[in-house]
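Start from chain A and add chain B according to the hints.
Spelled out, the chains give:
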Amino acid sequence: MQIIDDGNREALKRMLEGDPVLIDVVPARSVMPALRERVLLHSGPPIEWPRMCGPMRGAVAGAIVFEGWAPDLDTAVKMAASGAIAFHPNHHFDAVGPMTGITTQSMPVMVVENRRFGNRAYCTLNEGLGKVMRFGGNDAEVLGRLAWLRDVLGPDLGSAVRAAGGFELKSIVARGLSMGDEMHQRNVACTGLVMRQLAPWLARTSRDSGRLAEALAFIGGNDQFFLNMAMAMGKAIMDPVRGIEGSSVVTAMCRNGTDFGIRVSGTGDTWFVAPVEMPQGLYFAGFSAADANPDMGDSAIVETIGIGGFAMAASPAVAGFVGAGSASSAAIYTRTMGEITVGENPEWTIPALDFQGVPTGIDVRLVVDTGLAPVINTGIAHKQAGVGQVGAGVVRAPMACFTQAVRALARRLNVE
Amino acid sequence: MSALINQVRRAFYMDSVALMRISRSVGALPGVATAALMIGSATNKKLMQDAGLLSDEGAAAGANDLILAVRADDPGTAAAALDEARKLLDKPATSDRNGEEWHPKSLDTALRQLPGANVALISVPGEFAAAEARRALHRQLHVMMFSDNVSIAEEVALKQEAKQRGLLMMGPDCGTAILGGTPLAFANVVPRGEIGIIAASGTGLQEVSCLIARNGKGVSHAIGVGGRDLKAEVGGIMTLMAIDALEADASTAQIVLISKPPEPSVAKLVLDRVAGCGKPFSICFIGADDMHVPANAGLSADLRSTAERALAGRRIASSGAPASAAELASRAGPGRTKVCGLFSGGTMCAEAQVFFRRAGMVVASNAPIPGVGKPAAAPDAHVLLDLGDDAYTVGRPHPMIDPTLRNDMLGGALTDGRTAVILLDVVIGYGAHDDPAGELIAHLPPAKARQAILIASVCGTQEDPQSYSRQVQVLQEGGVVVAPSNAHAAELAIEVARRLA
Chain A
1 MQIIDDGNRE
11 ALKRMLEGDP
21 VLIDVVPARS
31 VMPALRERVL
41 LHSGPPIEWP
51 RMCGPMRGAV
61 AGAIVFEGWA
71 PDLDTAVKMA
81 ASGAIAFHPN
91 HHFDAVGPMT
101 GITTQSMPVM
111 VVENRRFGNR
121 AYCTLNEGLG
131 KVMRFGGNDA
141 EVLGRLAWLR
151 DVLGPDLGSA
161 VRAAGGFELK
171 SIVARGLSMG
181 DEMHQRNVAC
191 TGLVMRQLAP
201 WLARTSRDSG
211 RLAEALAFIG
221 GNDQFFLNMA
231 MAMGKAIMDP
241 VRGIEGSSVV
251 TAMCRNGTDF
261 GIRVSGTGDT
271 WFVAPVEMPQ
281 GLYFAGFSAA
291 DANPDMGDSA
301 IVETIGIGGF
311 AMAASPAVAG
321 FVGAGSASSA
331 AIYTRTMGEI
341 TVGENPEWTI
351 PALDFQGVPT
361 GIDVRLVVDT
371 GLAPVINTGI
381 AHKQAGVGQV
391 GAGVVRAPMA
401 CFTQAVRALA
411 RRLNVE
Chain B
1 MSALINQVRR
11 AFYMDSVALM
21 RISRSVGALP
31 GVATAALMIG
41 SATNKKLMQD
51 AGLLSDEGAA
61 AGANDLILAV
71 RADDPGTAAA
81 ALDEARKLLD
91 KPATSDRNGE
101 EWHPKSLDTA
111 LRQLPGANVA
121 LISVPGEFAA
131 AEARRALHRQ
141 LHVMMFSDNV
151 SIAEEVALKQ
161 EAKQRGLLMM
171 GPDCGTAILG
181 GTPLAFANVV
191 PRGEIGIIAA
201 SGTGLQEVSC
211 LIARNGKGVS
221 HAIGVGGRDL
231 KAEVGGIMTL
241 MAIDALEADA
251 STAQIVLISK
261 PPEPSVAKLV
271 LDRVAGCGKP
281 FSICFIGADD
291 MHVPANAGLS
301 ADLRSTAERA
311 LAGRRIASSG
321 APASAAELAS
331 RAGPGRTKVC
341 GLFSGGTMCA
351 EAQVFFRRAG
361 MVVASNAPIP
371 GVGKPAAAPD
381 AHVLLDLGDD
391 AYTVGRPHPM
401 IDPTLRNDML
411 GGALTDGRTA
421 VILLDVVIGY
431 GAHDDPAGEL
441 IAHLPPAKAR
451 QAILIASVCG
461 TQEDPQSYSR
471 QVQVLQEGGV
481 VVAPSNAHAA
491 ELAIEVARRL
501 A
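Sequences listed follow chains A and B, in order.
Everything in the first sequence is counted per this note's numbering, starting at 1 for the first residue and increasing by one.
Everything in the second sequence is counted per this note's numbering, starting at 1 for the first residue and increasing by one.
Okay, chain B solo, but in the shape it has when bound:
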C-alpha cells in the first residue's frame, strides 16, 4: 500500500510552470509514484483529488497556499521526496549570467544583425554548400567555403560568378584564411605585416604564416583558394584574383604563393600573371624545384625555404642547441629502424615527403607526392601518413580538432617492433584542439618505457589560444623532441633513420 503525504505552506506563491517543473523532478525520484506542488485553488484541489494526491491536510489549504503532495511506495520514501521538494522550492535561482546566446539561423537575419559584414564563412554539408555560397555572393559577400564534397563543376560556376561580381570565392575545402588580421576557420594569431599569402593549402598557409610570425614579421592578408584552384578545370580563377587583390593592396609589399604543383597550362597562366605583377613573389609548388619562374619570383620546394625567402633570406633555426641525431638513434629499441609519420596536416605530410625523397630514402604515403608510392606497394619503406585524408575522416572530426585517432595510431606505432622514429605535427590556433600537446602526452607511455623516439614540430604562434611555448614545453617535458619547423623535424628524423639503417 502506497503512502500519501501532504504538506501545506501558507501564503506562498510560485509560478505554476515553475511548480510543474519541480513536480516533475520529484515525481521522477525512485520509489515515488506521483508528486504535485500546486497552489490550493478549487480547480487545483479537484485535479489533485482525481490524481489521488489530496489528503485532509491539503484539502484544507486555501487559494493563497501551496500544497506539496507526494505518493510513494512507503512513508519513508514519501518523506524523503517531500524534503527534496522543499529543497528545490527553496533553492536560490542559479543562472548563468550570460544565459543562452542567440545565433541567427539564416544569412539574411545575420546580415540584419551585422549590416557591415562582407565575408560569409560557409561550413555546411557539401550538398548544401553551393546553394549557400550563391546566396552569399548574391548579397555581395566574399565567401570562404570550409565545406568540401562540392563538385568541381559547381566550384567553377561559383568562382566564375564571384569573379563577375568582383568577390573572392575562397574554396571549397578552404581551411584557412586571415583577412585584414582576422583569422578564419583554422588559422593562427599572426601579427599584421607586409607579406601577403595566397594558398591552395590549409596547413601550408598555417605553417608559413606561423614561421613568418615566430621570426619577427607579419602578414597583410592570407587568402585561401581551395585545393583544386590550380587544376585545369578551374584554371586558377581565384589564385589570379587573389594576385590582383594583393597587388592592389598597399599594405602588401611581397607575396607568397603556396600550392601543390599545378597542371602545366595553369602554371603558365599563373606565372605569366606573376611576371606582370610589380611585387616580389616567393612561390612554393610543394616538391617542385626545377620550374622556371619569372624574375620577380623565387621558387622553393618546401614551406620552410618559402618562409625564409619571405623573411629576406633569414635562416630559421632552433633557439637552443639542436638535438643530436646520434644520441636520439641510441634510444631506439633493438632492431627498430623505420620512421612512422602521423600528420594531421596534409601539406605537412607532403613537405616531409619532399625531404625524404630528396634524401633518397625509401618512403611511402597514403597521400604520396610525385615519386613516392603507397605503403602497400613498399612494405619496407618509411611511412608518412596524412590522417586528415578522407579515408580517416569519414564519420569523425578532422585530427586537428579531435586527436583521438592519432593518439590511437600512436600506440600502435610505438608497439610496432620496426618503428624507431615517430614524426608528428602539432597544429594549434583557432579551430584546433584546446591542448593537443597535453592530449598527446597523456596517451603516451612514460619516456623510459618507449622503444621509439618522438619528433614533433608545433605549428602555431605565441599569441594563439593554446600558446606556442606552452605546447612546446608540454611536449618536451613529455620526452618529445621539438624541432623549430616541420622541415627541421623531417630532417632530424632522416638523420636518425640514417644512423639506424
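Chain A with its partners taken away, still in its complex shape:
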C-alpha cells in the first residue's frame, strides 16, 4: 500500500538522519519532573507489582531502600505491594533501562540529544557485571555501588561531558562494529573508544586523582559500560520516528520480565503485548536454565535500531551463545534480519558482510509475513529476587506482538 510504503520511507529516513550526542549526566529528577518521591520507572510495557517477576521485585525493593522510602527490603516489599509506589514504564518518560531497568529520582542518567530532531532520551549508568540491580540484586553491595554512582561517578561524568561539549555516538558505534561489538552482548570496543575520548576531560574536570582513578577503573573494568549509552542513543533515534501515519516500522521493543511489548510508528503509542519468551544461552558457574528468568529489559531498543542481534555478523563470538557459534552462523542472523527490515544503515556497516549496512527498521508486516521474529541478544537474570545475573544468550520477540500490530494498523488504515 502506498501510504505504508511512504510512511516506512519516512521512518527509515528519520532513523538514518538521527544524530545522537551524549550531552550530559544528571540526576534523573532534574530532567524527568514526574520522578517524585515514590515514583519508580521500570523496563518494558506497563506492569503492576502483582504481575512482576522475581528479579523485578528484587530491584524495586532495592530501589525503594536506596531512595530511603523504606528502611529495609522487607518494608520495601510491603510498601510496593500495598500500592504506595507508582510504577511507570521508562518509555513513557523518554527513558530506557537495561534488564529490570529501574530508574528513580536520585539516580544519575545520561542525556542523549538527537541533534537532528532536538529530542532527548535518558538512561541510567551501567552498574557493571555480577550482582547488580538491573539483574535483581539488592544487597548492601549493590546499593552501595548505586550510591557511589549517584554521589561520585555521575557528577564527575556530567562535568566531563559538559566540558567536552558532548560526544557524538553514531561514529563510535560505526567503529565498534568494525572492532567486533554488536552493542548488546559485546560493548568492549565501544567502551574503550568512549573511554579514550572521555579520559582527558575527566582528568581536566576531576577534583582529585583518587576519584579520577576510581572512575577510570570502573569504566575500564566494565565491558558493558557502553550498553546504556547505546540504549539512550537508540531511544533518541527512535522517538522522532513515532506517529508517522501508515508506517509499519517498530519504534520500540521492550520487556518487563513478564510481558514483551512493541510500539509501531503508525499506531501511535499503543503497546502490543505478549508473554516474554525464555532466552537460550550459556550459564555462569553453578547456574542452569532452571534458574533463569524469562526475557527482560528495555535494551531491545538496540535491536530496534539495527544493532545487537541484528548486527550479530559483526560479533561472531556472541553467536556462540547458541548453536554452532561459527562466524557463518552469526552472519545468518544478520542476513535473516535483513528479511524483516525496510532498509540498511549505510553508516553502520559490517566488514565481514562486505560492508553491508546493518538491517534497519523492523517492518511488522514482514515479521508476520515471513514468520521471522526479531532476534535479541540478552543477559539472563536469576528468577529469584536478589541473586543477579546467571548467564547470557539469545531470544526471539514473541510473534503475537507483531500480529496484533499488523491487525491494528490494518484497522487504522481501514483495510482490515
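There's no promise every hint is true.
Stated by the list, open to error - With a straight-line Cα cutoff of 27 Å, these simulated DSSO-like cross-link-like pairs (lysine-lysine) come out: (1) A:Lys78 with A:Lys383; (2) A:Lys13 with B:Lys105; (3) A:Lys383 with B:Lys46.
What the hints assert, rightly or not - Calculated from the model, a selection of chain B residues having no Cβ within reach of chain A, i.e. all distances over 10 Å: (4) Gln7; (5) Leu29; (6) Asn64; (7) Val293; (8) Gly431.
Simulated from the structure, these hints should not be mistaken for lab results.
Bear in mind that the values here come from a model prediction, so they are computed numbers and not experimental data.
C-beta: ideal position from N, C-alpha, C; glycine also.
The following block gives chain B in isolation, referenced to the frame of chain A:
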C-alpha cells in the same frame, strides 16, 4: 564429599563465550558437579567463589590468567575432567571451510539476491501453496508448483491469473520440468535438442525425456502442467499455453504431449489447437489408441512408442542380447505364477497396465487405468501397485526419495508363495534417492535364495548424478534383469507370466 581442583594458566586469554562453551561441555561430563573456565578478574573470582569453585590456587590468579575449575564426585573424576578441559582449550579450531550457508526465507529477499530470476519453484504444504504462487505471479515469475493438496478451484484461479499475465503456472502437483536445459524438481540431465515436451505427468515426462536422451536426441524445454490440467474444470489452460510457448520457440522443432486420457471436451480443445500448430506432435494419452488426432500428430498408447515417434521411428532396444523369458520362467519357485509390480512412478505403473491389458492378462492396480480393476475385486490378478499414491505417502516421503517402503514391500512380495515376477522402476536424476539400485540390492536376499525373478528398468541418463550405467550395473550384479525401458520390462514380465500360466 566432592573434590575441587583449580588450575591456573598464566597470561592466557580466550573469549568468554568460547570459555563458557567449554565450561558447559566439561560440566556435562559424568561425575562432574560443576565446571568453569574463567579469566581471573575480581568479578569472575567472586562468581566462582559463590559457586563453590574457587580454591586458594584459583584465588591467587590475576586478571590476565585463566582459571580452570572443576568440582566432581571424586579427585580422579575431577582430574580427568580437567584434562578434558585442557584438551578442549588447546584443540585447534576446526571449521567447515564453507560454514553454514544462508538461504533467503522470503521471495522478496530471494529476488533481491537473484534479480534476474524468472521462475519460482514452490514446494510448501498445500494450504499455503496458492498464496505463495499468487505472490510469485504478482512479481511476474513463472511458477512451478510441486505442492499438491491445492483445490481445483484454486488451480483454475491461479492458471487464469497466470494466463492473463502471460506466465506459466506449472502445477499444482507438478513434479518435473526442464526449462532451457535447467532441470526442476524431479528431473534428469537431458541434453538440449529440438524436442519440446508438455506433460501432465511427472514420471511420464522423465521416462520419455530419458529415452530420447539415451537414444541420441535432446529436449528444448519440458513443461509440466500438473495432473489435472486436462480435466474439464481446468480446461487445459496450461497445456494450451505451453503449446503456444513451444510453437513460438525457435529451438523446438517438434512437440511431445503426455497426459492421462483427457475428458472429451478438453481433448477436442487441445487437439484443435494441435491442428492449428505448425509443428509435428507425438501425443500420448496413456492407454488411448483409438482417438482421432490431427494430421500433424501421431497417437501412441504408451511412453516408449511416444519416444520412438519423436525419435523419427527409431526402435528402442536392449544394447545386449535380450533376456530369455523361458530361462527366466525356469527360475521361478514351484507354483509361483503371478506378477507383482512395485512402482515408484505413477505413469510407469499406468504404462505397465497398458501392456498387461493389451496382452489380455488379468491385472489389477490401486491406480487402475480404464478397463483395469482394483486388487480387492480381482484376487487372482497380477497386481501392479503405484507406491506414490496418496495412500502410501501419508506422513512419509515419496518412494522416489525414500525407498524404505518399497524395499519393505519387496520382502513381502518375495515371500508370497504366488509371486513369480517382481516388476520395478528405478527412477534416478535430481530429487531422487542417491543410490536407489544399491538400496534395493541391499534389501534383497542373495539371488540363489530368491523364488521370484526381478525385472526392472532404470529411468535416467548417464549424466544424472547417480549415473544410468552405474545403476544398471548394480542391479545386474545383484541378479536383477534390467530392461531398456519400462515398456520392455512390462513386456518381459508378461512373457514370463505366460510361460508360467
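For this session: Below or equal to 27 Å on CA atoms is what counts here, so check Lys13 (chain A) against Lys105 (chain B).
Result: Between Lys13 (chain A) and Lys105 (chain B) the Cα gap is close to 26 Å, so the pair holds against 27 Å.
For this session: Report holds if the minimum CB distance from Leu29 (chain B) to chain A is greater than 10 Å, and violated otherwise.
Result: Label holds. Min Cβ-Cβ 15 Å, cutoff 10 Å.
Exercise. With d taken as the least Cβ-Cβ distance between Asn64 (chain B) and chain A, does d exceed 10 Å?
Worked result: Correct as stated: the minimum Cβ-Cβ distance to chain A is 13 Å, above 10 Å.
For this session: Hey, is Val293 (chain B) genuinely clear of chain A, shortest beta carbon separation above 10 Å?
Result: holds, 48 Å
Exercise. Are all beta-carbon distances from Gln7 (chain B) to chain A longer than 10 Å?
Worked result: holds, 15 Å
For this session: Sort out whether Lys46 (chain B) lies within 27 Å of Lys383 (chain A), counting only the CA atoms.
Result: holds, 20 Å
For this session: Grab the minimum beta-carbon distance between Gly431 (chain B) and chain A and tell me whether it stays above 10 Å.
Result: About 25 Å separates Gly431 (chain B) from the closest Cβ of chain A, which puts it past 10 Å; holds.
Exercise. If you draw a straight line from the CA of Lys78 (chain A) to the CA of Lys383 (chain A), is it 27 Å or shorter?
Worked result: holds, 20 Å
Checked against the numbered hints given earlier, the structure satisfies every one of them.
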